[in-house]
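S.K.: The primary structure of each chain is shown beneath.
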Amino acid sequence: MGSIWEYANPVKFSQTVSRFLAPVAMGATVCLVIGLVWGFFFTPDDFRQGATVKIIYLHVPAALMAINAWFMMLVTSLIWLVRRHHVSALAAKAAAPIGVTMTVIALITGAIWGQPMWGTWWAWDPRLTSFLILFLFYLGYIALWEAIDDPDTAADLTSVLCIVGSVFAVLSRYAVNFWNQGLHQGASVMRAGAITGTDTEEKVSNVFFYPLLVCIIGFVLLFVALVLLRTRTEIHKRRTRALLARERMA
Amino acid sequence: MMPDLGKYAETVLSSYAVSILLIVALVWWSVRAARKAKLALEDVEARRK
Amino acid sequence: MRALLKRDLILAFRAGGGFGLGIAFFLIVVVLVPFSVGPESGLLTKIAPGVLWLGALLACLLSLDRILALDWEDGTLDLMATAPLPLEAVVTVKALAHWMTTGVPLVVAAPLFGVLLNLPPQGFVWLVVSLALGTPALSVIGTFGAALTVGLKRGGLLLSLLILPLYVPTLIFGAELARRGAEGQAVSTPLLMLAGISFGVIALLPFASALVLRVNLR
Amino acid sequence: MVLRVKNLSVARGGVAVLEGVSFTLAPSDALVVKGPNGIGKTTLLRTVAGLQPAFKGTVEAPEDSLAYAAHSDGLKSMLSVAENLEFWAHVFGQKDITQAVDAFDLSDLRNRLAGSLSAGQKRRLGLARLLVTARPIWILDEPTVSLDTASVALFAQAVQRHLSSGGSALLATHIDLGLQANILDVGPFKAVAGATAISGYDEAFL
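Residue numbers (the working numbering), protein chains in the order written: chain A, 1 to 250; chain B, 1001 to 1049; chain C, 2001 to 2218; chain D, 3001 to 3206.
To be clear, the hints were calculated from the coordinates, so they are not data collected in a lab.
A portion of the hints provided could be inaccurate.
Claimed, not checked - Here are the computed lysine-lysine pairs in the DSS-like style, where the Cα-Cα straight-line distance is at most 25 Å: (1) 237(A) - 1007(B); (2) 237(A) - 1036(B); (3) 3056(D) - 3006(D); (4) 237(A) - 12(A); (5) 3122(D) - 2006(C); (6) 3190(D) - 3056(D); (7) 3190(D) - 3034(D); (8) 3122(D) - 3095(D); (9) 3034(D) - 3056(D); (10) 12(A) - 1007(B); (11) 3006(D) - 3034(D); (12) 3190(D) - 3006(D); (13) 237(A) - 1038(B); (14) 237(A) - 2006(C); (15) 3095(D) - 2006(C).
My request is simple: use the sequences and hints to build the entire structure.
M.R.: Structural data, given as structure tokens:
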């Protein structure tokens, strides 16, 4: 008893979700409001980047969640392939649109931020490029889910795609890092401290770090809430489907 | 109340606008889909009884 | 296995599509590039390795959906699944046949097309080496995509969408190897990476391809 | 070389179509599966052939003993009749195709491209493929579609020879081939709505 796999039962999962969804969504809202308001109104400008540093409160959490969502999909895909728990496959399906939204936010805020900093909307900076590739992976993954009628076949194929894609995504990351050396350097130097968020060399950065932390927690909670909600939606759809199939037979 | 964003006002404000818009759209879409799926399911379950 | 390879090669010859189309497409891409970027030879020299690699990749992509779709339609794959040949071997042979009918001609034709783009003399060797090392990876990855989308009606477009991100590392290291070769720089890093990717995907990806093919045959 | 099917339930598109099918196919036996269209004969044969997983129950057969032939023949129109047969013979580890060619009266067509054959001739070629597999248990889904009377007779002879040499056959067909065959009417096995009717993946959602 008390095993985590109990929640692999779709009905049990739905009931549990219904209990936890509201508090998680509340927590997400509170953290996001506090973090963003704190960051936007009550933090000083950076001495180098001026007011643009405020973009960090959106850009960094979105980028983190874009990667974490894919990682979560990888784990749930593996669970589906090994243990055949339907909730796991549906959770992966539910996470993909959230991940792609986060990737788009990271890309757009990155481009807007890059405009005054680098003097161009788009630089083929390794990090930006990697996110663009991640975006393509998300698109392919979602398109494959949409293209297949049979839900179990779709779950199997997308799971394998997710695993193979993860390997290639990591490969691409190294390839892109290597590839950009030859073109131009230093594009990401400015953001090296910003990305890790824990850059303690500069004492100022703590001023930015705490609201950033609240924002990251807010994004994580938002992601969890949306995954729970969307997974439950998928379960409801499947249950409807199953009941209709049974109705037709009767 | 509004902080002085200086020459970067457009940059910062547009970042916030786009991001918040995307998040709100995602949440709205998810909630609507959830509601729809729930109604469809309740419909079928009601017929079963 | 040899019978399957022989059959696929004969089919590619007789159907006429395999060899001719890929090369023709490659040629057209290469010819169109100077029209779009201008005839200045310095610029062409600079972009030649990248353009040749992109052309080869697109020519390869063109014929991917034929790897498995035809055998799916006429029921051959169903019959194969009950045959003593494991599907891992089937997909490997299919990828090999695709490489021999598409990759090899591209490798052979690439130096000729290099002339059209003012590729410097020292670049030809590395262009051929990079394509010879990289095109097998393109075929094997493509077979995985073909196996994923084999039963789907709009498979062709989806196949491209799924495969293109997977082609990124191969393209980067392959084109980089060709570029460094052409510019006379050190080539060992991209050479090793490209070889690593090729051998890695050849060793591992057929298992994934066979797995998804089995799911699709269900 | 006995095929044993025990309490087999098969599913199509996630819904069980046939439930609790059991039969045994011994050497020299033929079993004809009958039932109205859409009841799941093809699904049953595909499941027995191992092309799709059984929802419930078991299919026991010696390894590498089954040969399956269905509506699509797996023939390449750009290969000649002989090349098509040679290919499948090699895949199944055989060499000689003359017996198969003779059995279905294809010797005049040996060098014709399969694409230039008539529908009936193609079907004969598809069935000749069964002979080059050298497998003892044949699973045939509507094998006589688009065959004329003479070809049906040829086919019946081929099956008869196969049976008398110790092979066995499981067929789904509407035509009486004049074989000493048992009949399996799958009508009574039609799945009914119930706790077990929704198969495989959807079951968890009920």
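S.K.: Run every hint past the structure and note whether it holds.
M.R.: Results of checking the hints against the structure:
1. Between the alpha carbons of residue 237(A) and residue 1007(B) the distance comes to roughly 50 Å, so the proposed pair goes past 25 Å and is violated.
2. Taken as a hint, the residue 237(A) and residue 1036(B) pair is honoured in the structure, with Cα atoms around 9 Å apart against an allowance of 25 Å.
3. For a cut-off of 25 Å, the pair hint linking residue 3056(D) to residue 3006(D) stands: about 9 Å separates their Cα positions.
4. Note on residue 237(A) and residue 12(A): the hinted pairing holds, with a Cα-Cα distance of about 16 Å set against a maximum of 25 Å.
5. The straight-line distance between the Cα atoms of residue 3122(D) and residue 2006(C) is roughly 22 Å, inside the 25 Å bound, and the hint therefore holds.
6. For the given pair, residue 3190(D) sits about 14 Å from residue 3056(D) by alpha-carbon distance, which is consistent with the 25 Å threshold.
7. Our distance criterion of 25 Å between C-alpha atoms is met by residue 3190(D) and residue 3034(D), whose separation comes to about 12 Å.
8. Taking the CA atoms of residue 3122(D) and residue 3095(D), the gap is near 21 Å; set against the 25 Å cutoff, the hint holds.
9. Straight-line distance between C-alpha atoms of residue 3034(D) and residue 3056(D) comes to about 21 Å, which keeps the hinted pair within the 25 Å bound.
10. A distance of roughly 54 Å separates the Cα atoms of residue 12(A) and residue 1007(B); the hinted pair therefore is violated under the 25 Å criterion.
11. For a cut-off of 25 Å, the pair hint linking residue 3006(D) to residue 3034(D) stands: about 18 Å separates their Cα positions.
12. A C-alpha spacing of about 16 Å is found between residue 3190(D) and residue 3006(D), which places the hinted pair at or below 25 Å, so the restraint holds.
13. Straight-line distance between C-alpha atoms of residue 237(A) and residue 1038(B) comes to about 8 Å, which keeps the hinted pair within the 25 Å bound.
14. A threshold of 25 Å between alpha carbons decides the hint, and for residue 237(A) with residue 2006(C) the separation of about 48 Å lies outside it, so the pair is violated.
15. Annotation: proposed proximity of residue 3095(D) to residue 2006(C) holds, straight-line Cα distance about 15 Å (limit 25 Å).
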